[in-house]
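Chemist: Here are the chains, one letter per residue:
Number of protein chains: 4
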Amino acid sequence: MDSAWLFGKETIMECIGERVWVIAEGYLPPSSTGDTRQLESHETACILNTGERDAHIRITIFFADREPVGPYHVVAPARRTLHLRFNDLKDPEPIPLDTDYASVFESDVPIIVQHTRLDSRRAEIALLSTVAYGQD
Amino acid sequence: MDSAWLFGKETIMECIGERVWVIAEGYLPPSSTGDTRQLESHETACILNTGERDAHIRITIFFADREPVGPYHVVAPARRTLHLRFNDLKDPEPIPLDTDYASVFESDVPIIVQHTRLDSRRAEIALLSTVAYGQD
Amino acid sequence: MDSAWLFGKETIMECIGERVWVIAEGYLPPSSTGDTRQLESHETACILNTGERDAHIRITIFFADREPVGPYHVVAPARRTLHLRFNDLKDPEPIPLDTDYASVFESDVPIIVQHTRLDSRRAEIALLSTVAYGQD
Amino acid sequence: MDSAWLFGKETIMECIGERVWVIAEGYLPPSSTGDTRQLESHETACILNTGERDAHIRITIFFADREPVGPYHVVAPARRTLHLRFNDLKDPEPIPLDTDYASVFESDVPIIVQHTRLDSRRAEIALLSTVAYGQD
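Residue numbers (the working numbering), protein chains in the order written: chain A, 1 to 136; chain B, 1 to 136; chain C, 1 to 136; chain D, 1 to 136.
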């Protein structure tokens with residue numbers, strides 16, 4: 001139970017998670033009452049890569065009434081968490097505001113994805129969070 | 001890792017998800033302070049079909065004190081997301097407001113279902129979301 | 001795909017869910033600003049029994065600093081949903097307010113359990129929900 | 001179906017849960033409007049140990065831009081729930097406020113972990129909760 005067990009080569013950290021994740025619920029509020037990045041309305045995919053190799057992740061965005069867009073490419077470095085704001089995705093194109101969407105994450109190494117939204121359209125904030133749907 | 005891998009015939013997108021999904025918690029608030037469809041109280045099943053074939057989905061609604069109602073029929077088209085508001089289900093009958101219910105989704109192809117509610121009975125909104133219970 | 005498939009004897013509805021469920025997070029707020037049962041602070045286990053036999057459920061409540069209490073007995077009738085408020089559990093003893101607890105559900109037939117809380121300690125409501133941890 | 005079944009040696013309570021859990025989303029709000037510990041902004045890992053042996057748990061905290069920190073050691077006693085506030089972790093070092101993080105829990109016996117946050121940065125509270133990602 002020493003720290004070598006945790007951070008060493010043969011650690012369980014190498015194989016935590018799944019390679020495919022889905023967030024079926026996506027919506028970027030069109031407005032916000034927040035005056036800081038923290039309190040601005042946002043939707044986040046919290047990605048954790050516990051392993052020793054960088055995770056190369058392809059994101060595809062699905063819509064209600066047109067073909068999917070992607071892939072978007074992001075990297076979750078080894079032993080790091082990446083709290084990715086969907087508002088920040090720009091290439092190949094930004095995700096439109098006030099539009100229903102869904103997202104699929106495909107990674108070359110196991111990761112964990114949790115979905116969170118902060119909505120500050122009104123004076124008080126509202127929060128939601130759920131572990132995404134994972135499949136190996 | 002080129003885009004053909006993602007959108008091609010042999011893609012993992014064909015087999016993401018499950019065919020049976022359950023949302024054990026359902027409740028349509030009887031009132032709302034929202035003046036737009038976006039901020040009106042609503043309960044949503046966010047459905048994603050990543051595959052190449054349309055998903056034909058049968059929804060059954062369960063109640064506390066009477067027989068289940070259904071099936072309701074909806075289609076989640078190939079490569080599309082459907083953010084279905086329970087308030088919009090009309091046939092065979094609308095879901096009553098201010099009543100506890102639960103829902104089961106049966107699809108002919110794999111889909112993913114996430115449950116979200118926006119409650120604007122009071123001045124500020126409250127949000128909840130969770131990936132539904134899936135079973136293949 | 002006719003309705004007999006859904007409501008018939010050989011339906012998939014007989015085997016949806018798990019027999020053991022856990023809600024590791026429990027807390028009954030000590031106060032409330034709601035003036036109706038709907039807007040009163042409450043914590044709910046939303047139970048769905050899609051099968052043809054009543055579910056006999058034993059609930060055990062765990063605490064931080066004393067032995068578990070139970071079993072509490074509840075029945076989720078066949079083809080019904082039961083939205084159980086923890087505030088309503090009385091036998092063998094009520095769950096104390098303002099105290100951390102956790103709960104385990106054991107059923108004799110498969111069920112699905114989703115955990116929801118409405119907190120109205122302040123003027124606006126806050127909501128949370130998550131599918132419980134299930135194990136067969 | 002007597003209580004010996006539940007609390008006895010051969011009970012299902014011995015094997016409920018998983019040994020590895022992940023919360024990919026972590027954030028300690030830097031401020032709070034709450035004047036009591038209950039209404040202060042906080043992030044909690046609700047841990048349940050239903051078994052007969054104490055759970056020795058190692059927590060590792062991951063960040064966006066530096067090496068992980070840990071292990072933190074906590075004990076969830078037999079037949080007890082532990083509602084652990086991340087704000088209370090001090091050794092080897094406190095978790096910084098207003099910083100994205102993620103956490104991995106490794107236990108020597110099966111446990112269940114649920115993630116909850118209460119955010120009272122503004123006048124009204126916001127809540128989120130989700131069962132963590134578990135892996136045996």
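No wet-lab data here; the hints were simulated from the structure.
Cβ coordinates follow ideal geometry from the N, Cα and C atoms, glycine included.
You may find that some hints are simply not true.
[Unchecked claim] Listing some non-contacts, in silico: residues in chain D with all C-beta distances to chain A over 10 Å:
1) 91
2) 95
3) 100
[As the list claims (entries may be wrong)] Selected chain B positions facing chain A (in silico; Cβ < 10 Å):
4) 53
5) 60
6) 64
7) 66
8) 68
9) 69
10) 75
11) 83
12) 87
13) 113
14) 132
[Unchecked claim] Partner residues are not named here, just some residues of chain C that face chain D (Cβ under 8 Å, in silico):
15) 28
16) 106
17) 131
Chemist: Any of the earlier hints contradicted here, and which numbers?
Modeler: Hints 3, 4, 5, 6, 7, 8, 9, 10, 12 and 15 contradicted; others consistent.
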